[in-house]
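K.L.:
Each chain is listed here by its residues.
Protein chains: 2
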Amino acid sequence: MYYIGIDLGGTNIAAGIVDDEGKIVKKASVKTGRTRKPDEIVEDMCRLVLDLMKDFGLTEKDIYSIGIGSPGSHDRENGIILYNNNLNFKNVNIKEAFQKYINVPIYLENDANCAAIAESVAGAAKGYEHSVTITIGTGIGGGVVINNKLFTGTNGQGGELGHTVIIIGGEDCTCGRKGCWEAYSAATALIRDTRRAAEKNPDSKIHELCGGNLDNIDAKTAFDAARLGDKTGIEIIDNYISIFAEALANMINIFQPDVIVIGGGVSKEGDNLLIPLREKMRGKTYGNEGLPTTHIVVAQMGNDAGIVGAAFIPKLN
Amino acid sequence: MYYIGIDLGGTNIAAGIVDDEGKIVKKASVKTGRTRKPDEIVEDMCRLVLDLMKDFGLTEKDIYSIGIGSPGSHDRENGIILYNNNLNFKNVNIKEAFQKYINVPIYLENDANCAAIAESVAGAAKGYEHSVTITIGTGIGGGVVINNKLFTGTNGQGGELGHTVIIIGGEDCTCGRKGCWEAYSAATALIRDTRRAAEKNPDSKIHELCGGNLDNIDAKTAFDAARLGDKTGIEIIDNYISIFAEALANMINIFQPDVIVIGGGVSKEGDNLLIPLREKMRGKTYGNEGLPTTHIVVAQMGNDAGIVGAAFIPKLN
Chain V
904 MYYIGIDLGG
914 TNIAAGIVDD
924 EGKIVKKASV
934 KTGRTRKPDE
944 IVEDMCRLVL
954 DLMKDFGLTE
964 KDIYSIGIGS
974 PGSHDRENGI
984 ILYNNNLNFK
994 NVNIKEAFQK
1004 YINVPIYLEN
1014 DANCAAIAES
1024 VAGAAKGYEH
1034 SVTITIGTGI
1044 GGGVVINNKL
1054 FTGTNGQGGE
1064 LGHTVIIIGG
1074 EDCTCGRKGC
1084 WEAYSAATAL
1094 IRDTRRAAEK
1104 NPDSKIHELC
1114 GGNLDNIDAK
1124 TAFDAARLGD
1134 KTGIEIIDNY
1144 ISIFAEALAN
1154 MINIFQPDVI
1164 VIGGGVSKEG
1174 DNLLIPLREK
1184 MRGKTYGNEG
1194 LPTTHIVVAQ
1204 MGNDAGIVGA
1214 AFIPKLN
Chain B
904 MYYIGIDLGG
914 TNIAAGIVDD
924 EGKIVKKASV
934 KTGRTRKPDE
944 IVEDMCRLVL
954 DLMKDFGLTE
964 KDIYSIGIGS
974 PGSHDRENGI
984 ILYNNNLNFK
994 NVNIKEAFQK
1004 YINVPIYLEN
1014 DANCAAIAES
1024 VAGAAKGYEH
1034 SVTITIGTGI
1044 GGGVVINNKL
1054 FTGTNGQGGE
1064 LGHTVIIIGG
1074 EDCTCGRKGC
1084 WEAYSAATAL
1094 IRDTRRAAEK
1104 NPDSKIHELC
1114 GGNLDNIDAK
1124 TAFDAARLGD
1134 KTGIEIIDNY
1144 ISIFAEALAN
1154 MINIFQPDVI
1164 VIGGGVSKEG
1174 DNLLIPLREK
1184 MRGKTYGNEG
1194 LPTTHIVVAQ
1204 MGNDAGIVGA
1214 AFIPKLN
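Chains as they are written, first to last, in the numbering used here: chain V, 904 to 1220; chain B, 904 to 1220.
If we strip away everything but chain V, and leave its shape as in the complex, we get (with noise of 0.2 angstroms):
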C-alpha cells in the first residue's frame, strides 16, 4: 500500500507517491497559480494524483489515502479547507471534490503540522513519542506529537506557538498582537533585525553581502557577516539565538517533549545554530536530577516533509 501527499503551497502544488518508510517513490509538481478560482486549483491537485498514479502503475486499490497539507485552517472531519490567506480559499470542500475522481479516504492538516507528522514518522523525531517541531519560515509554525498523536485542541487550531508572546508590547506580528515568538524568530523577523542593524551600522561587512543593496538581505546574511568574525553581524545573531532560546525553554517547561525539532531554513546553520543555542538554554528548563531532558536538533525531511507529512497525516490521527 502507498500513501499519497500533496503540499499545497502558494507558488507549487507538490504531490508525491510515498511507501510506508516514508520514502516518496514518484513526485510532481505544477505551478500553484494562486489568483486561480479554487475550483481549477484543486482540479490539477486531482489530475496530479491520477497522472503520479498512472505512471507509477497504480489504481485506487493500491492507495491507503490522500492527504493535503496546507496553511490555514481545516474542517478536519469534512474534507473542507475553511480558510487559506495564500489562496484566499475559503469553505473549500476537498474532499468531495478529490471523490469524484477516486474513491480513498481523504486528510487535510495545516503546513506546519504536516512537517510536525514528517519528522516524527521518518524523520528527526523518529522513535520519539513526544515531539515538538518548530518550522522557521516567514512565520513560525508549530506542531505538536503527543504519544504518537498530533495534538491540535479541541477546535484543531492548537499549536500555534509561534502566537505566544514572549515580549509584552513588542514587536507588532502579523497576528495583530506586540510581541509574539514570531515576530523575533521567524526568517522575516532575522531579516529585519539585520536591516536595522546595517542601517546603524555603516562599516559591516552586511553591506559587502548584500551587494550595497538591503533588500538583498535574507535570513541567512547575519549569519554570514559572523562566519566573517563581523561585530554586527555576531551581535545580531547573539540575539537571535538568546530570543529563540528563551522560546525554547518555554516550549519545554510547558511540554517536556523527548525531542524539538527545528525546520525551514534557519536550521540549515545546524551547528552554529543548536551549539549556542543549547548553551544559552542551560539553567533556563524545569527538570529534575536523572530525569530525561528533551533533545535539541535540526530537522531531517528538508523539502519532503511537507509531502511525506501530508502522506502520513493518518498514521498521527
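Treat the hints with care, since some could be wrong.
Identical copies carry no separate label here, and so any pair may be met within one copy or between two of them.
[Stated by the list, open to error] With a Cα cut of at most 20 angstroms, we get these calculated SDA-like pairs of lysine to any residue:
#1 Lys-1081 with Asn-1142
#2 Lys-1183 with Asp-1075
#3 Lys-1123 with Ala-1100
#4 Lys-1052 with Asp-1161
#5 Lys-1187 with Thr-1077
#6 Lys-1081 with Ala-1148
#7 Lys-1134 with Arg-1098
#8 Lys-1081 with Leu-1180
#9 Lys-1003 with Glu-943
By construction, these hints were calculated from the structure, which means they are not laboratory data. On a predicted model such as this, the values are computed, not experimentally measured, just so you know.
Please build the complex by placing chain B on the supplied structure of chain V, with the hints as guidance.
P.N.:
Leaving out everything else, chain B in the frame of chain V:
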C-alpha cells in the same frame, strides 16, 4: 468504593475520604511540622488515613487507592517524592512507607496537577475533555488535561505554565529566569506591584487599607482599593489583568482547550477578574468563525481541590 486523597502542604497535612462523585465524606488534618524528619511526617500521613478509615468504618477492601498531592517532583511509577522544597524531602519512598500499613495502590502527583484533576473530574471543567487549570498562589501552578488524561510530558515535569517567559529580561522569577508569567501574575507579584505603586502614590487608599503598614498588603488590597475608586488601585489591577490576558491568550494559542479554569485566592474576585480579562483577551487568540472557543471560568473546588484531586489521580491516569 472510596478514594483517599492527601494534600501534603507545608503547614497542614489534610486527608479525606472521597466518594465516586468527588464528595469528601470524611476529612481530618494535622500540622505538618515541616522541620521534622520525612519519616515522621510520612508516618503521620499513614496514621491520619488509618484513623479516617476506622472512623468511617472502612477496611482496605473499600479503598480503591490513596493519592498524595504535594508541590515538587515525583517518581510516580515508584511512589517516590524526589524533591519538595517546602519540606526538604529528597527521594522519600511514600509507597513503601504506606504499604507497611495498607495494601492499596498509591499515587503521587504535583499539587497544581491535583487542582487540575479536581476541577476536571468534579469541578469547573467537568464534562470537558481538554482543560487547563491555573492556580494562583505564591507561584502560578499549571495543570493540563488532554483527552481526559493529565498531561505531564515525557518526564512528568511538563505543564509548568507559570514558568514561561512573557517579558524577556523582565521581573526576577523564583526559577532563576527573568520575566516568567509567575513573576507577574502570582499573588506575590501582585503584592509586590501593589507595594511599589503605594510607595509612589502617598495619596492612594492602599495606605488606609493596610493600616499605614505596607507589610499588611495582600493580594486583595489592590482589588479593594480599585473597588473604592482609588486611581492607583485601578491602575494596578488594570495592568495585572492586561498581563494575565496576554499569558492566557498564549495558553489558548498553544492548547485550544475547551476551558481554562482559574483557581487560587485571586479567583475569588470572580467577575471582577473574569469580565475585564475576557475583554482584554479579545482578538488575541487564533480561531475561526464557527469553531468552538475556550471558556474562561473560575475554579469551583476551593479548598477541597487538594484532597479531591489527590484522591482522583487514577481517574485521569
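K.L.:
Hint by hint, say whether it matches the structure.
P.N.:
Hints, one by one, checked against the model:
Taking CA atoms no more than 20 angstroms apart as the test, Lys-1081 paired with Asn-1142 passes in both settings, with 18 angstroms inside one copy and 16 angstroms between copies. For a Cα distance limit of 20 angstroms, the shortest separation of Lys-1183 from Asp-1075 across copies, 17 angstroms, qualifies, whereas the shortest one inside one copy, 25 angstroms, does not. For the identical chains of this complex, Lys-1123 and Ala-1100 are intra-copy neighbours only, at 14 angstroms inside a copy versus 46 angstroms across copies, given an alpha-carbon limit of 20 angstroms. In this assembly of identical chains, the alpha carbons of Lys-1052 and Asp-1161 lie at most 20 angstroms apart whether taken from the same copy (14 angstroms) or from different copies (19 angstroms).
Taking CA atoms no more than 20 angstroms apart as the test, Lys-1187 paired with Thr-1077 passes between copies only; the shortest distance there is 11 angstroms, against 28 angstroms inside one copy. Both within a single protomer and between protomers do Lys-1081 and Ala-1148 lie at most 20 angstroms apart by alpha-carbon distance, with minima of 19 angstroms and 13 angstroms respectively. With identical chains, the CA atoms of Lys-1134 and Arg-1098 are at most 20 angstroms apart within one copy only, with a shortest distance of 14 angstroms there and 43 angstroms across copies. Proximity of Lys-1081 to Leu-1180 under the C-alpha cut-off of 20 angstroms is restricted to the inter-copy arrangement: shortest distance 17 angstroms between copies versus 24 angstroms within a copy.
Proximity of Lys-1003 to Glu-943 under the C-alpha cut-off of 20 angstroms is restricted to the intra-copy arrangement: shortest distance 14 angstroms within a copy versus 73 angstroms between copies.
Violated hints for the displayed structure: none, as all numbered hints are satisfied.
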